[in-house]
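Peer 1: Spelled out from the first residue to the last, the chains are:
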Amino acid sequence: MAGTAVRGRLTWQVATVTAVRPETTSVRTIEFDIPDWAGHQAGQHVDIRLTADDGYVAERSYSIASAPGEPLQLTVERLEDGEVSPYLTEELRPGDEIEIRGPIGGYFIWDSDDARTPVLLVAGGSGVVPFRSMLRHRARIGSAAPVRLLYSARSLPDVIYRTELDMPGDGAEIVYTLTRQQPPGWAGHSGRVDAALLTEVAWPEDRQPLAFVCGPTAFVEIVAGELVSLGYPPDHVKTERYGGVGAP
Amino acid sequence: MTERLYGPDDSALDGNAIGGLLHEIFSTEMTTAEATCGHCGNTAQVAEAVVYVKAPGTVMRCRACTSVLAVVVRKQEMNCVDMSGVAALQAG
Amino acid sequence: MSPLSRGFHGRRRASDVDASRVPPGQYVTTDFPVLSAGPTPHTPLENWTFSIKQGGQTTKSWNWQEIRDLPAEDVTADIHCVTKWSKLDTMWQAVSLDTLLAQVGHEARFVLAFCDGGYTTNLPLADVTGGQAWLAYGYDSSPLQPEHGGPARLLVPHLYFWKSAKWVRGLELLAADEPGFWERYGYNNYGDPWREQRYAGD
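Chains A, B and C supply the protein sequences, listed in that same order. Positions in the first sequence are counted from 1; adding 7 to them yields this note's numbering. Positions in the second sequence are counted from 1; adding 128 to them yields this note's numbering. Positions in the third sequence are counted from 1; adding 49 to them yields this note's numbering.
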């Protein structure tokens, strides 16, 4: 895959927190300074490593929220029974250090200004994070590729990057579906992403679109399956599963 | 993406989740490498394998037939890798 | 050691723990972590059986009702996972493997437990008899949940918990030892937490 293989050792580096920003009541974006950061591609992720004072070590992976060229940002959702996410979303503060290795991934990446290939991004909950990187990258390079983000969230207050997504830029469309609660007068979609919603929102397969699906495992399985049923060739549907996190 | 024979399993991840581990082992990005299952012959990118990480080791299974492709056990800073379930691996 | 992460403490630990109950290298948790090497099977009870196999043949088999009709015990045990968490005073409802093995004539010295989903683990016969091992179908007075191995799992608390095979469907009685799943991939053939026998060669 052109330009993505990072050969040689992938080493752990010390990253210093430079800023934290709440996105929703349970989601926070953290910005880091890493002296030898080599840059990344939109859609890639990092592994982080935390060491407690008794030597206990925890490792996790997070999608990169910032665009290539911007300082590294990660967006983390606090999980109810989480071991790491409560620390990252509530305790971690500017000046703190954690270990990070990356960027990682050559499969779930998008880097194209091919105006003929429309892109469909389908996000379940915090699965929207790598798509923020893709959308910001698209705007930064002035890509003419048409892009549509279908974003499934529990409620409007749970939508991450809401202000930013309300101004997506030329040729980018954002479609929300709110699964548990809708504000009064909501004119958008409600309920889970299903065949009917995808039929309405997805690019027709004769335009040879590329699709990315990211979020909880069950969400990704259902959506990817539906896209293939709609005629998307399986190798045009890229998936990234976040496991059994809270379903949108 | 390959056809699923089994229902969704909420705890399962995919090969993306072990991109860092695989890079550590092979000294290169491996999620786009194509792996052929030794049991059913299905070929798919490593990113699309079914991966279990909440275990005494990391287990990669074929998405088509669920047979074990590879297991990585971390033993004192070393990765012990068993790839006997992979019939062929093509990396770029 | 890696740089410390200020303020990070990891899992909820139990406090006031009697250290003599904690094997070397373990920490006590109040959670019950779910670990798995594969998808969670969902075998309907009407199709479920537990079998003893010898020489490739099934010599004895019980269906779900027959297992439930056997005398069962309330077992309280400390359990120790090779991934370093221990959980004390776990409570199970279980049938002793002595009860099951007593119904089969054999001269086996080893067993290989086999499970839905293909998982296996091996044990010396001496470690699954004499009141040391059970077929457990209840946890904390409720039916054992699928994520924890239900409808039934092995319970062999004196060894690392990977030996307490989830979704167990039977035992193969063997004259010679045969490594199971984790034993093949680098874990210790026996797995005594008190001698910290985690990996092969420990």
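It is worth saying that the hints were derived from the structure and are not from the lab. A hint or two may mislead.
What the hints assert, rightly or not - Mimicking EDC-like on lysine to aspartate or glutamate, the simulated pairs with C-alpha atoms at most 20 Å apart in a straight line are: (1) C:Lys-102 <-> C:Asp-251; (2) C:Lys-133 <-> A:Glu-90; (3) C:Lys-136 <-> A:Asp-88; (4) C:Lys-136 <-> A:Asp-242; (5) B:Lys-182 <-> A:Asp-60; (6) B:Lys-182 <-> A:Glu-90; (7) C:Lys-133 <-> A:Asp-61; (8) C:Lys-136 <-> C:Asp-189; (9) C:Lys-133 <-> A:Glu-228; (10) C:Lys-102 <-> C:Asp-147; (11) C:Lys-136 <-> C:Glu-156; (12) C:Lys-133 <-> B:Glu-205; (13) C:Lys-102 <-> C:Glu-156; (14) B:Lys-182 <-> A:Glu-87; (15) C:Lys-109 <-> C:Asp-65; (16) B:Lys-182 <-> B:Glu-205; (17) B:Lys-182 <-> A:Glu-66; (18) C:Lys-133 <-> A:Asp-60; (19) B:Lys-182 <-> C:Asp-138; (20) C:Lys-102 <-> C:Asp-189; (21) C:Lys-109 <-> C:Asp-123; (22) C:Lys-133 <-> C:Glu-227; (23) B:Lys-203 <-> C:Asp-241; (24) C:Lys-133 <-> C:Asp-251.
To be verified - Here are some, though not all, of the chain A residues that point toward chain B, as calculated from beta-carbon distances under 8 Å: (25) Gly-113; (26) Tyr-114; (27) Asp-118; (28) Ala-122; (29) Arg-187; (30) Ala-225.
Quick caveat: nothing in here was measured; it's all calculated off a predicted structure. Glycine included, each C-beta is placed from N, C-alpha and C at the ideal position.
Peer 1: Run through the hints listed earlier and report the numbers of any the structure violates, in increasing order.
Peer 2: 1, 4, 5, 9, 11, 15, 19, 20, 21, 22, 27, 28, 29
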